[in-house]
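As you go down the protein sequences, you meet chains A and B in turn.
Under full-length UniProt numbering, think of the first position of the first sequence as 1, with each following residue one higher.
Under full-length UniProt numbering, think of the first position of the second sequence as 1, with each following residue one higher.
All the pointers check out, no bait thrown in.
Pairs of lysine-lysine residues, derived as DSSO-like cross-links and limited to a Cα-Cα distance of at most 30 Å, are as follows:
id, chain 1, residue 1, chain 2, residue 2
1, A, K31, A, K540
2, B, K129, B, K84
3, B, K129, B, K25
4, B, K169, A, K455
5, A, K77, A, K245
6, A, K31, B, K38
Simulated DEER-style distance windows between Cβ atoms:
id, chain 1, residue 1, chain 2, residue 2, range
7, B, D239, A, R718, 19 to 25 Å
8, B, I240, A, D439, 33 to 39 Å
9, A, G395, B, D239, 39 to 45 Å
Quick partial rundown of chain B residues pointing at chain A, CB under 10 Å, derived from the structure:
id, residue
10, M1
11, R40
12, D99
13, F175
14, A179
15, I184
16, I240
17, A242
18, K256
19, R257
FYI, nobody ran anything at the bench for these hints, they're computed from the structure.
From the three backbone atoms N, C-alpha and C, an ideal C-beta is built for every residue, glycine too.
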Amino acid sequence: MANPNGIGASVRRREDQRFLTGRGNYTDDFKRLNMTHAVHVRSPYAHARILGIDASGALAMPGVVAVLTGADMEADKVGSLPCGWQIHSKDGSPMKEPPHYPLARDRVRYVGDAVAVVIAETREQARDAAEAVVVDYEELPAAATSTRAIDGSAPLVHDDAPGNVCYDWHLGDKAAVDAAFAQATHVATIDLVNQRLVPNAMEPRAALGEYDPSNGEYTLTTTSQNPHVTRLLMGAFVLGIPEHKLRVVAPDVGGGFGSKIFHYGEEAVVTWAARKVGRPVKWTADRSESFLTDAHGRDHVSHAEMAMDADGNFLALRVSTLANLGAYLSTFAPSIPTYLYATLLAGQYKTPAIYAEVKAVFTHTAPVDAYRGAGRPEACYLIERLVDVAAGVVGLDKTEIRRRNFVPAEAMPYQTPVALQYDTGDFAKNLDIALPLVDYDGFRQRRADSRARGKLRGIGFATYIEACGIAPSNVAGALGARAGLYECAEVRFHPTGSVTVFTGAHSHGQGHETTFAQIVAERFGIPIENVEIVHGDTNKIPFGMGTYGSRSLAVGGSALVKAMDKVERKAKKIAAHMLEAAETDIEVKDGRFTVAGTDKSLGIGDIALQAYVPHNFPLDELEPGLDEQAFYDPKNFTYPNGCHVCEVEIDPDTGVTTIVNFAAVDDFGRVINPLIVEGQVHGGLVQGIGQALFENCVYDEESGQLVTGSYMDYCMPRADDVPSFTVRYHEDQPCTHNPLGVKGCGEAGTIGAAAAVINAVVDALSDYGVTHMDMPATPEKVWRVIREATPAMAAE
Amino acid sequence: MYAFTYQRPKSLADAAAAIQAEEAKLLGGGQTLLPTLKQRLAQPSDLIDLGGIAELKGIREADGGLEIGAFARHAEVAHSDLVKRVIPALASLAEGIGDRQVRNMGTLGGSIANADPSADYPSAVVALKAAVTTDRRTIAGDDFFTGMFETALEPGEIIKSVRFARPDKAAYAKFRNPASRYAIVGVFVARFGGEVRVAVTGAAGSVFRAEAFESALAADFRADALNGLSVEADGLNADIHASAEYRAHLVTVMAKRAVAAAG
Numbered sequence: 001m002a003n004p005n006g007i008g009a010s011v012r013r014r015e016d017q018r019f020l021t022g023r024g025n026y027t028d029d030f031k032r033l034n035m036t037h038a039v040h041v042r043s044p045y046a047h048a049r050i051l052g053i054d055a056s057g058a059l060a061m062p063g064v065v066a067v068l069t070g071a072d073m074e075a076d077k078v079g080s081l082p083c084g085w086q087i088h089s090k091d092g093s094p095m096k097e098p099p100h101y102p103l104a105r106d107r108v109r110y111v112g113d114a115v116a117v118v119i120a121e122t123r124e125q126a127r128d129a130a131e132a133v134v135v136d137y138e139e140l141p142a143a144a145t146s147t148r149a150i151d152g153s154a155p156l157v158h159d160d161a162p163g164n165v166c167y168d169w170h171l172g173d174k175a176a177v178d179a180a181f182a183q184a185t186h187v188a189t190i191d192l193v194n195q196r197l198v199p200n201a202m203e204p205r206a207a208l209g210e211y212d213p214s215n216g217e218y219t220l221t222t223t224s225q226n227p228h229v230t231r232l233l234m235g236a237f238v239l240g241i242p243e244h245k246l247r248v249v250a251p252d253v254g255g256g257f258g259s260k261i262f263h264y265g266e267e268a269v270v271t272w273a274a275r276k277v278g279r280p281v282k283w284t285a286d287r288s289e290s291f292l293t294d295a296h297g298r299d300h301v302s303h304a305e306m307a308m309d310a311d312g313n314f315l316a317l318r319v320s321t322l323a324n325l326g327a328y329l330s331t332f333a334p335s336i337p338t339y340l341y342a343t344l345l346a347g348q349y350k351t352p353a354i355y356a357e358v359k360a361v362f363t364h365t366a367p368v369d370a371y372r373g374a375g376r377p378e379a380c381y382l383i384e385r386l387v388d389v390a391a392g393v394v395g396l397d398k399t400e401i402r403r404r405n406f407v408p409a410e411a412m413p414y415q416t417p418v419a420l421q422y423d424t425g426d427f428a429k430n431l432d433i434a435l436p437l438v439d440y441d442g443f444r445q446r447r448a449d450s451r452a453r454g455k456l457r458g459i460g461f462a463t464y465i466e467a468c469g470i471a472p473s474n475v476a477g478a479l480g481a482r483a484g485l486y487e488c489a490e491v492r493f494h495p496t497g498s499v500t501v502f503t504g505a506h507s508h509g510q511g512h513e514t515t516f517a518q519i520v521a522e523r524f525g526i527p528i529e530n531v532e533i534v535h536g537d538t539n540k541i542p543f544g545m546g547t548y549g550s551r552s553l554a555v556g557g558s559a560l561v562k563a564m565d566k567v568e569r570k571a572k573k574i575a576a577h578m579l580e581a582a583e584t585d586i587e588v589k590d591g592r593f594t595v596a597g598t599d600k601s602l603g604i605g606d607i608a609l610q611a612y613v614p615h616n617f618p619l620d621e622l623e624p625g626l627d628e629q630a631f632y633d634p635k636n637f638t639y640p641n642g643c644h645v646c647e648v649e650i651d652p653d654t655g656v657t658t659i660v661n662f663a664a665v666d667d668f669g670r671v672i673n674p675l676i677v678e679g680q681v682h683g684g685l686v687q688g689i690g691q692a693l694f695e696n697c698v699y700d701e702e703s704g705q706l707v708t709g710s711y712m713d714y715c716m717p718r719a720d721d722v723p724s725f726t727v728r729y730h731e732d733q734p735c736t737h738n739p740l741g742v743k744g745c746g747e748a749g750t751i752g753a754a755a756a757v758i759n760a761v762v763d764a765l766s767d768y769g770v771t772h773m774d775m776p777a778t779p780e781k782v783w784r785v786i787r788e789a790t791p792a793m794a795a796e
Numbered sequence: 001m002y003a004f005t006y007q008r009p010k011s012l013a014d015a016a017a018a019i020q021a022e023e024a025k026l027l028g029g030g031q032t033l034l035p036t037l038k039q040r041l042a043q044p045s046d047l048i049d050l051g052g053i054a055e056l057k058g059i060r061e062a063d064g065g066l067e068i069g070a071f072a073r074h075a076e077v078a079h080s081d082l083v084k085r086v087i088p089a090l091a092s093l094a095e096g097i098g099d100r101q102v103r104n105m106g107t108l109g110g111s112i113a114n115a116d117p118s119a120d121y122p123s124a125v126v127a128l129k130a131a132v133t134t135d136r137r138t139i140a141g142d143d144f145f146t147g148m149f150e151t152a153l154e155p156g157e158i159i160k161s162v163r164f165a166r167p168d169k170a171a172y173a174k175f176r177n178p179a180s181r182y183a184i185v186g187v188f189v190a191r192f193g194g195e196v197r198v199a200v201t202g203a204a205g206s207v208f209r210a211e212a213f214e215s216a217l218a219a220d221f222r223a224d225a226l227n228g229l230s231v232e233a234d235g236l237n238a239d240i241h242a243s244a245e246y247r248a249h250l251v252t253v254m255a256k257r258a259v260a261a262a263g
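Generate the whole structure from the sequences, applying the supplied hints.
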């Protein structure tokens, strides 16, 4: 009998009970005896020299314990925040990697750059005193945008990065691309901006540092997506604390979207300061600090060209991108506009030749790093916008040009010209499922009906493929990663048959406590209530690389399967002993161990008990206990893919775009929990729609001040901005190289949605000669293009 | 926020006495003041919470119109059967302010005393020929708003209630800021017999009447009567959400929609 809470069941999230009743345990909820509170003094300037810091007034204020600066850190030999990925430029030179100190030493390089930390008895006292720290700044001119940063006259963010260039990188066969363009009948071109976004996790970042002088152990409790990585980076590179003396705990974390992957300066500051002041130190960002200092996402300026033959077959793609990395290199920043972006430029198409150049630059803005999708939404947006333009150039229907150029399912596995090898995918099938969902045949009539009501209607398609489940460690290493990207799991049966699973993946909204438990319940035929999932603590979990890039199930789930395999192998030996049968005669199904052809059998619980009370146990051959650990290093990336279709209606009087229908058809491989998957898709779509229509992180070009520093100006999508989504998936193309056949679903919605929405908006405006509109498609922007195309309409 | 002394007087007289303290501030629903305090952008010595004063509460029919207490919360106005019956456009305006949390806390008196150029209520005060009664006098709605975040209120003067005249027809049409949900442009149109008032909020530093619109509508109360009419973009607000030119365009669009909704 199938396990009611096993694989494929829409089990309600077990963790929601505590989240919905206010019993979650977030970093800011932790209180320690004698705990102090830290508030950072931050630069009000985008670029300035620090001439001096006078903390005397602050130190005299009530409750102030200490005021610490970059000079104090330097005196203690605190290092720079390390970068986890090295890119080499076209000429073979390594990227510029200027130091990034947790507290600035002589210069500040963006508004919000930390200059000092005030530690006091209460948070309010620390805030009061932070205002009293007098920093003598010499304000310097700033370069707040990537185009300004490379214009030749811009002030340098780092003296050792000439022209503000971090690296100038490329991928693909330039000669083949040039040759194809020379032969092309048609060329489609586009210039576009993928605007900067602020991640906006619901829980602001927070960190609590503790030091125990009795044993020299440090503990950092922090809002992290990958506590082991933080332990390694902060311990080895910043503070010089060996792993066995440093515990990093990432308890309940309220969303990350990538922004909590990275090791941030505040984590090092509170850990270091805890020893310095001899008391626990807690820092929690307020929302304004989150806007200023969480690593931002996207921020590309690109030019792209597609060469085609007379029939609209893609011959070659040429892409040039300027990527803004902000003031300092965040942990994985260099990899995002390179190996997570340009390698995806084939998309779902069999374009035979691709060449991409990416110039990454420093600016006087917050660091930019992975944000949900991380490079892949930028790739998808560029390709899918360009394909729509190409359809117009050739005169093909937007579905037909896609269909004509899809990599056919029978061509799998398919080697792209940009390094990746897709394992499975049936792109035409995704489109075939999507078209009736949106009644594509009826669109012309709906468009006519809208027109009769004075409205403009458009439909937009986006097909996407992403590389998830990062990554084969040797591949990542060859590409510049300074870490392995495997995952670890431990499956510990207890004597009475219940199970604790320790996973290196981290859940901060993904529902692992449910999904991972379903996999264990299914495998061993036990109730889901008997399975506990533990994550987020370096003292409990053997090791882990954490959660990002839709990798938890594909990599962490595979490690879990490997650990379960080991448990089962050992259990089988124990069962053979207990049943007095040969091991080869034991059949295993759903946690039941049966002597073939007999009714003699044991449940996993019977075996667990014997493993811990080994009175009838093969002690000569086996150790007691039933507790196995496994590491899994993926053989390839996984390739979730799908087709998103958006239909919009535009009010030409105001320029307001309303999404009237949205369908997403996804291939995530095998699905463990359809309910959670659907939730992930919904959330992802809303974030993609947010970028397409609402969100925009704006810095003032002159001053480098963050203009959109609060929800009054930074527009988040809300429930009433989106329709009820139509979400479908199929499981016909499971991943071929991991044991669960899973591909990952965490980022898909975000990757496809923005392109689908903008393609729909541009389609709606096509009568006005519009072929592109940069995001976000705000009402004023839409109104302007309509008005400029038809002056008579504005006057009416 | 910085430390302050919290006071909650029981009567208007006690509040009037308390507000005399040098750096004291009146607290209505706190939907602007509290975020300001949290961001440390204000440092009052005392907060005088008006929530305990019965004289500031309630919604009554008066002179054929409505008298609404200064402490009436937006949600109360939005859901009041009396308001829905006498001036439905006012209930609908209140229902569109901010979000549910803001409407459950924010008050009429707080909104107009703050005189945010993007607030919704100022348009109703002007369009509905309101009279603002304070602990000292009555101020005509037309004279109440004097500039951006400026009113005719004297230091320490406390709003008691606002009387709104009952129009024959009225509607409020708002183009909201998608981020803050304040009005980028809000237009309140009210018709009283042969007189029409068109009050515009959000577009400029303070609420204003679109007189050309008013005379056109007085002659012909149909949306099409506004064809070809627009307000001057010069001097209107401009920010990252909307240029002055776009705001000027939206004033006509929203005015037409209000007229159409007023029926």
